[in-house]
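S.K.: Single-letter residue listing:
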Amino acid sequence: MTPDMPAVIQVENLTKRFGDFTAVDHISFEVRKGEIFGFLGANGAGKTTAMRMLCGLSHPTEGHGTVAGFDIARQQEAIKKNIGYMSQKFSLYNDLKVWENIRLFAGIYGMKPKQIAAKTDALLKRLGFMAEKNTFVEKLPLGWKQKLAFSVAIFHEPQIVFLDEPTGGVDPITRRQFWELIYEAVEQGITVFVTTHYMDEAEYCDRVSIMVDGRIEALDSPRELKQQMNARSMDEVFRQLARKAQRSAD
Amino acid sequence: MKQFWAFVKKEFLHIFRDRQTILILLLMPVVQVLLFGFAITTDIQNTSVVVLDECKTAESRALLNEIGSGRYFDIVQYIESDRDIDAIFKKGKVKIAIVIPQDWSRLTGSYQEAPLQLIIDASNPNEASILTGYLQSIAAQFGGAEPLINVETRMLYNPQLKSAYTFVPGVIGLVLMLICTLMTSVSIVREKETGTMEVLLVSPSKPLYIIFSKTIPYFVIALINIVTIILLSMFVFGVPIRGSIALLFGVSITYIFASLGLGLLISTISQTQQIAMIISLMGLMLPTVLLAGLLFPIENMPLPLQWFSTIVPATWFIDMTKAIMIKGLGIGLIWKQWLILLGMTVLFIGISVKRFKIRLS
Amino acid sequence: MRTFLFLLEKEFKQILRNRIILAMIIALPTIQLAILPHAATYEIRHINLAVVDNDHSTFSSKLTGKLSASRYFNLVSAGTSYEEALALVEDGVAHLILEIPPHFEKELRLLGKTQLMIAVDAVDGTMGSIGSSYLNQIIQDFSMRLLADGEIAYPTEIGLQTRTEVIPQYRYNTQLDYKTYMVPGILVMLLTLVGGILAALNIVSEKEQGTLEQINVSPAPKQFYLLAKVIPFWIIGLLTLGIGLLIARFMYGIVLAGSLLTLYAFAAVYVVAFTGFGLLISVSSKTQQQSMFIAFFFLLIFFLMGGLFTPISSMPYWAQVITWFNPTAYLIDVVRLIVMKGSGFADLLPQFFCICGFAVVFNVWAIFGYDKTA
Chain A
1 MTPDMPAVIQ
11 VENLTKRFGD
21 FTAVDHISFE
31 VRKGEIFGFL
41 GANGAGKTTA
51 MRMLCGLSHP
61 TEGHGTVAGF
71 DIARQQEAIK
81 KNIGYMSQKF
91 SLYNDLKVWE
101 NIRLFAGIYG
111 MKPKQIAAKT
121 DALLKRLGFM
131 AEKNTFVEKL
141 PLGWKQKLAF
151 SVAIFHEPQI
161 VFLDEPTGGV
171 DPITRRQFWE
181 LIYEAVEQGI
191 TVFVTTHYMD
201 EAEYCDRVSI
211 MVDGRIEALD
221 SPRELKQQMN
231 ARSMDEVFRQ
241 LARKAQRSAD
Chain B
1 MKQFWAFVKK
11 EFLHIFRDRQ
21 TILILLLMPV
31 VQVLLFGFAI
41 TTDIQNTSVV
51 VLDECKTAES
61 RALLNEIGSG
71 RYFDIVQYIE
81 SDRDIDAIFK
91 KGKVKIAIVI
101 PQDWSRLTGS
111 YQEAPLQLII
121 DASNPNEASI
131 LTGYLQSIAA
141 QFGGAEPLIN
151 VETRMLYNPQ
161 LKSAYTFVPG
171 VIGLVLMLIC
181 TLMTSVSIVR
191 EKETGTMEVL
201 LVSPSKPLYI
211 IFSKTIPYFV
221 IALINIVTII
231 LLSMFVFGVP
241 IRGSIALLFG
251 VSITYIFASL
261 GLGLLISTIS
271 QTQQIAMIIS
281 LMGLMLPTVL
291 LAGLLFPIEN
301 MPLPLQWFST
311 IVPATWFIDM
321 TKAIMIKGLG
331 IGLIWKQWLI
341 LLGMTVLFIG
351 ISVKRFKIRL
361 S
Chain C
1 MRTFLFLLEK
11 EFKQILRNRI
21 ILAMIIALPT
31 IQLAILPHAA
41 TYEIRHINLA
51 VVDNDHSTFS
61 SKLTGKLSAS
71 RYFNLVSAGT
81 SYEEALALVE
91 DGVAHLILEI
101 PPHFEKELRL
111 LGKTQLMIAV
121 DAVDGTMGSI
131 GSSYLNQIIQ
141 DFSMRLLADG
151 EIAYPTEIGL
161 QTRTEVIPQY
171 RYNTQLDYKT
181 YMVPGILVML
191 LTLVGGILAA
201 LNIVSEKEQG
211 TLEQINVSPA
221 PKQFYLLAKV
231 IPFWIIGLLT
241 LGIGLLIARF
251 MYGIVLAGSL
261 LTLYAFAAVY
271 VVAFTGFGLL
281 ISVSSKTQQQ
291 SMFIAFFFLL
301 IFFLMGGLFT
311 PISSMPYWAQ
321 VITWFNPTAY
331 LIDVVRLIVM
341 KGSGFADLLP
351 QFFCICGFAV
361 VFNVWAIFGY
371 DKTA
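Which chain is which? The protein sequence lines are A, B and C, in order. Going letter by letter, the first sequence gives residues 1 to 250 in the numbering used here. Going letter by letter, the second sequence gives residues 1 to 361 in the numbering used here. Going letter by letter, the third sequence gives residues 1 to 374 in the numbering used here.
Think of the hints as simulated: they come from the structure by calculation, not from any bench. All figures in this text were calculated on a predicted structure; none of them were measured in a lab. The reader is advised that the hints may include incorrect statements.
Derived CB-CB ranges, DEER-like [stated by the list, open to error]:
hint, chain 1, residue 1, chain 2, residue 2, range
1, B, Lys93, C, Leu238, 41 to 51 Å
2, A, Glu12, C, Asn18, 43 to 53 Å
3, B, Thr310, A, Phe18, 46 to 56 Å
4, C, Ile235, B, Ile331, 36 to 46 Å
5, C, Met1, B, Asp82, 51 to 61 Å
6, B, Leu27, A, Gly128, 53 to 63 Å
7, B, Lys10, A, Phe18, 35 to 45 Å
8, A, Phe18, B, Leu27, 20 to 30 Å
9, B, Gly283, C, Asn18, 47 to 57 Å
10, B, Leu27, C, Pro316, 13 to 23 Å
11, B, Glu54, C, Gln175, 23 to 33 Å
12, C, Cys356, B, Glu54, 34 to 44 Å
13, C, Val364, B, Leu23, 22 to 32 Å
Within a straight-line C-alpha distance of at most 20 Å, the following computed EDC-like cross-link-like pairs (lysine to aspartate or glutamate) qualify [said to hold, decoys possible]:
hint, chain 1, residue 1, chain 2, residue 2
14, B, Lys192, C, Glu206
15, A, Lys89, B, Glu191
16, B, Lys93, B, Glu80
17, C, Lys106, C, Asp53
18, C, Lys207, A, Asp121
19, A, Lys145, C, Glu206
20, A, Lys97, A, Asp121
21, B, Lys192, C, Glu208
22, B, Lys162, B, Asp319
23, C, Lys113, B, Glu152
Where chain B lies over chain C, by a calculated footprint (3+ residues, C-beta under 8 Å) [to be verified]:
hint, stretch
24, 30-37
25, 44-54
26, 107-121
27, 276-288
28, 296-303
29, 336-347
Yeah, the Cβ is synthetic: ideal placement off N, Cα and C, and Gly gets one too.
Whole structure, please, built from the sequences with the hints as guidance.
M.R.: Dropping the structure here:
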């Protein structure tokens with residue numbers, strides 16, 4: 001953990017309502033540069049909604065915050081230039097080849113074609129994907145798709161990358177490999193903001209926050225949390241907190 | 001059976017939560033009936049004409065007055081030379097130029113025939129020949145002449161030639177096809193595409209129930225639409241139901257089943273929503289609009305198209321609906337058509353159930 | 001700007017790989033142009049006519065012969081009474097009945113006038129009115145022939161009156177071929193379907209697949225993203241028009257009377273307008289099913305109110321006012337004028353500005369309607 005690093009995400013009283021329903025209820029937190037910040041909660045707790053506000057995909061109803069130094073209510077397009085995003089729904093183009101997807105997204109983030117081509121080969125070699133350069137993404141196995149999606153999300157070297165349940169539906173070995181990619185990204189200085197409901201993954205984070213019914217109920221390093229709540233694993237921590245939930249997941 | 005109704009309830013919720021779509025599903029028939037009934041008319045009136053009057057006599061003015069005062073023609077301009085005509089036609093507003101030759105009024109009153117020249121934009125040949133006919137009859141009666149053979153014309157079933165009489169049965173056919181076939185097939189294929197169908201299929205409920213449960217809401221919407229269309233056409237356009245209402249509904253329900261069957265069939269052969277839509281649009285909508293006698297009489301078509309129209313279910317439905325609503329015929333005169341439609345229905349549902357079972361095993 | 005080129009590259013790759021779209025580009029013009037002009041016709045030919053001859057005279061058989069020789073009518077086994085003929089109409093075997101009364105010939109010879117009765121199956125109003133008017137024309141023609149041949153004398157009381165004979169001269173479609181009239185309209189239908197339907201399904205399918213979110217969270221400006229979608233459809237649309245024109249030329253012998261350039265100028269703006277319209281539907285729908293249904297709903301209105309099948313001038317005034325807001329109506333009019341009459345660009349300026357207006361409105365609306373932060 002790097003306590004003296006500057007904050008790259010700052011949020012105060014962030015709230016989102018849909019009609020009568022308050023999906024996110026006055027949450028406040030900070031994420032520091034170079035950190036892996038785990039954003040935990042049951043289904044329907046409001047994780048994705050909160051994350052979408054940080055990424056400039058949704059307007060906050062109340063409260064304010066900054067991401068990479070830009071205001072989340074007013075400077076959404078500026079935020080988008082400085083972040084990477086990988087959603088829980090796989091979102092590369094199935095009908096484009098591996099290299100074409102990389103080229104497209106890198107291009108959108110303003111990289112030059114030559115630069116893209118060189119970096120693409122380096123990336124694919126590192127991932128051991130060189131043979132699949134010309135494969136349509138549709139044909140790749142799910143675990144590969146996710147690794148590729150993550151690599152695309154950080155290809156343009158953003159300050160922060162947002163990962164929304166990135167490892168849903170894959171086996172533990174692939175998840176482990178995925179986390180190795182995340183650590184590599186952190187070494188490059190990228191801040192990682194990740195939502196998950198796998199509690200073993202929570203152990204890999206520097207700090208975690210746990211959301212229950214739209215509010216943040218706990219926020220600290222996994223070790224501290226376990227100590228505070230007298231629990232042996234993050235799973236236990238989570239279950240103790242989630243027991244208070246009123247809302248049911250839909 | 002309980003599971004079945006649970007599925008039906010789920011489908012209803014899906015559809016009714018989507019306000020925009022449900023609004024369009026219920027509103028579309030209303031708009032279509034109003035448009036077809038009011039706006040789609042082949043009755044030609046107020047055609048713009050220009051006149052080149054080289055005769056310039058009281059008699060020629062009287063003739064022009066006669067032409068302009070009727071409901072068919074509006075004289076919009078007097079021109080001086082026939083060289084202007086082409087330029088005027090090219091702007092597209094004026095359809096006819098009437099040329100009255102210099103010696104026209106000298107010839108009237110003699111035993112010779114006095115020629116009147118018409119220059120007609122025949123782009124639309126139908127319009128051109130009808131307009132010629134109108135002018136011929138105005139000219140023939142000009143000056144009180146009577147035809148040798150007086151023809152008494154009786155318009156059977158639809159004395160005022162209202163277009164609603166023609167279109168209402170067709171609109172019912174079109175709307176039911178749209179909702180039952182298109183919506184059903186697309187909604188089933190959508191579950192295939194998103195993978196939720198697999199989830200439903202591994203559940204312990206009977207697969208056929210799942211599929212049939214998807215058709216029920218559309219069946220209900222289709223019934224609502226029939227009632228709306230019939231009420232509108234009765235009270236807004238005065239289209240009668242001369243035959244039996246029970247028979248009309250019997251026929252309509254058969255047709256709904258045929259359309260639902262087609263929808264199921266399409267869903268078993270399409271992998272993606274887009275394919276289902278294109279099959280529905282190209283393979284069904286166009287034939288229904290064009291070949292089933294909705295807009296254009298089947299009798300006018302070349303024989304191969306007439307043969308093809310016999311395999312379009314809407315052809316039989318529209319034929320029967322016209323017979324029941326407008327002509328007031330009973331079951332005795334339409335049972336053949338009904339049997340054909342029923343046969344098609346059984347065929348469509350049979351094939352799709354079979355294909356569906358093959359896919360499962 | 002570079003972002004835009006990357007987006008454009010992506011759209012082209014996707015479209016060229018989409019077999020459905022490629023099939024549509026080839027199949028749509030071919031099928032529609034091959035079938036539609038034959039099906040969509042109000043040209044009345046071989047309409048079934050039942051003649052009830054109660055006179056059995058030379059004149060009545062002459063008239064019957066003349067009718068059966070006409071290409072408009074098809075004589076079906078006429079019964080001996082009006083009731084029998086009516087049964088034929090109920091069965092749908094006959095659409096028209098001509099009843100010749102007894103003493104038809106006698107009255108014509110002695111009095112110089114007589115009457116006939118026509119009954120029309122008017123369930124189909126158009127067919128009824130056109131059929132009866134053709135029948136009427138043949139009957140009047142028949143009587144004039146009798147006069148001219150001296151078979152009957154001029155009746156004394158109208159002896160001094162002269163008939164005004166109308167000599168029609170048909171322009172542009174001198175063969176009075178309905179297909180020549182329908183083909184230009186169908187070309188417009190093709191352009192509309194390409195822009196409208198394909199574009200309407202495009203963005204919403206990215207929404208359903210989740211790829212749109214990945215674009216939304218990127219800094220790509222939304223107007224670039226939409227423009228990159230318009231351009232491939234624009235090219236496809238113009239290509240389709242070219243194929244359509246070739247088919248029109250070789251299948252129906254329709255030669256463009258006006259300039260190809262003028263036609264393409266209009267088509268180019270029109271496709272932009274309709275692609276904008278399709279994208280507008282696409283960005284405002286949640287599912288492909290919904291967007292397709294909305295697209296279909298509007299396209300049906302655009303065609304029915306566009307003068308494709310029935311002339312706009314026959315519509316009631318309020319309906320004509322609605323057609324002012326229908327881009328399809330302008331283009332159908334324009335294409336017919338260019339193809340059949342050879343109208344030049346200067347003749348069509350008002351229509352051109354209207355279509356440009358639609359192009360701007362639809363596309364700007366689509367850009368505003370597309371909210372990257374939903």
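S.K.: All hints are to be evaluated individually against the structure, with a verdict given for each.
M.R.: To see whether the hints hold, each was checked on the structure:
| no. | hint | verdict |
| --- | --- | --- |
| 1 | Lys93/B with Leu238/C: 41 to 51 Å | violated (28 Å) |
| 2 | Glu12/A with Asn18/C: 43 to 53 Å | holds (47 Å) |
| 3 | Thr310/B with Phe18/A: 46 to 56 Å | holds (53 Å) |
| 4 | Ile235/C with Ile331/B: 36 to 46 Å | violated (56 Å) |
| 5 | Met1/C with Asp82/B: 51 to 61 Å | holds (57 Å) |
| 6 | Leu27/B with Gly128/A: 53 to 63 Å | holds (56 Å) |
| 7 | Lys10/B with Phe18/A: 35 to 45 Å | violated (22 Å) |
| 8 | Phe18/A with Leu27/B: 20 to 30 Å | holds (27 Å) |
| 9 | Gly283/B with Asn18/C: 47 to 57 Å | violated (19 Å) |
| 10 | Leu27/B with Pro316/C: 13 to 23 Å | holds (21 Å) |
| 11 | Glu54/B with Gln175/C: 23 to 33 Å | holds (29 Å) |
| 12 | Cys356/C with Glu54/B: 34 to 44 Å | holds (42 Å) |
| 13 | Val364/C with Leu23/B: 22 to 32 Å | holds (25 Å) |
| 14 | Lys192/B with Glu206/C | holds (17 Å) |
| 15 | Lys89/A with Glu191/B | holds (16 Å) |
| 16 | Lys93/B with Glu80/B | holds (19 Å) |
| 17 | Lys106/C with Asp53/C | holds (14 Å) |
| 18 | Lys207/C with Asp121/A | violated (30 Å) |
| 19 | Lys145/A with Glu206/C | holds (17 Å) |
| 20 | Lys97/A with Asp121/A | holds (14 Å) |
| 21 | Lys192/B with Glu208/C | holds (13 Å) |
| 22 | Lys162/B with Asp319/B | holds (18 Å) |
| 23 | Lys113/C with Glu152/B | holds (13 Å) |
| 24 | 30-37 | holds (count 4) |
| 25 | 44-54 | holds (count 5) |
| 26 | 107-121 | holds (count 11) |
| 27 | 276-288 | holds (count 4) |
| 28 | 296-303 | holds (count 4) |
| 29 | 336-347 | holds (count 8) |
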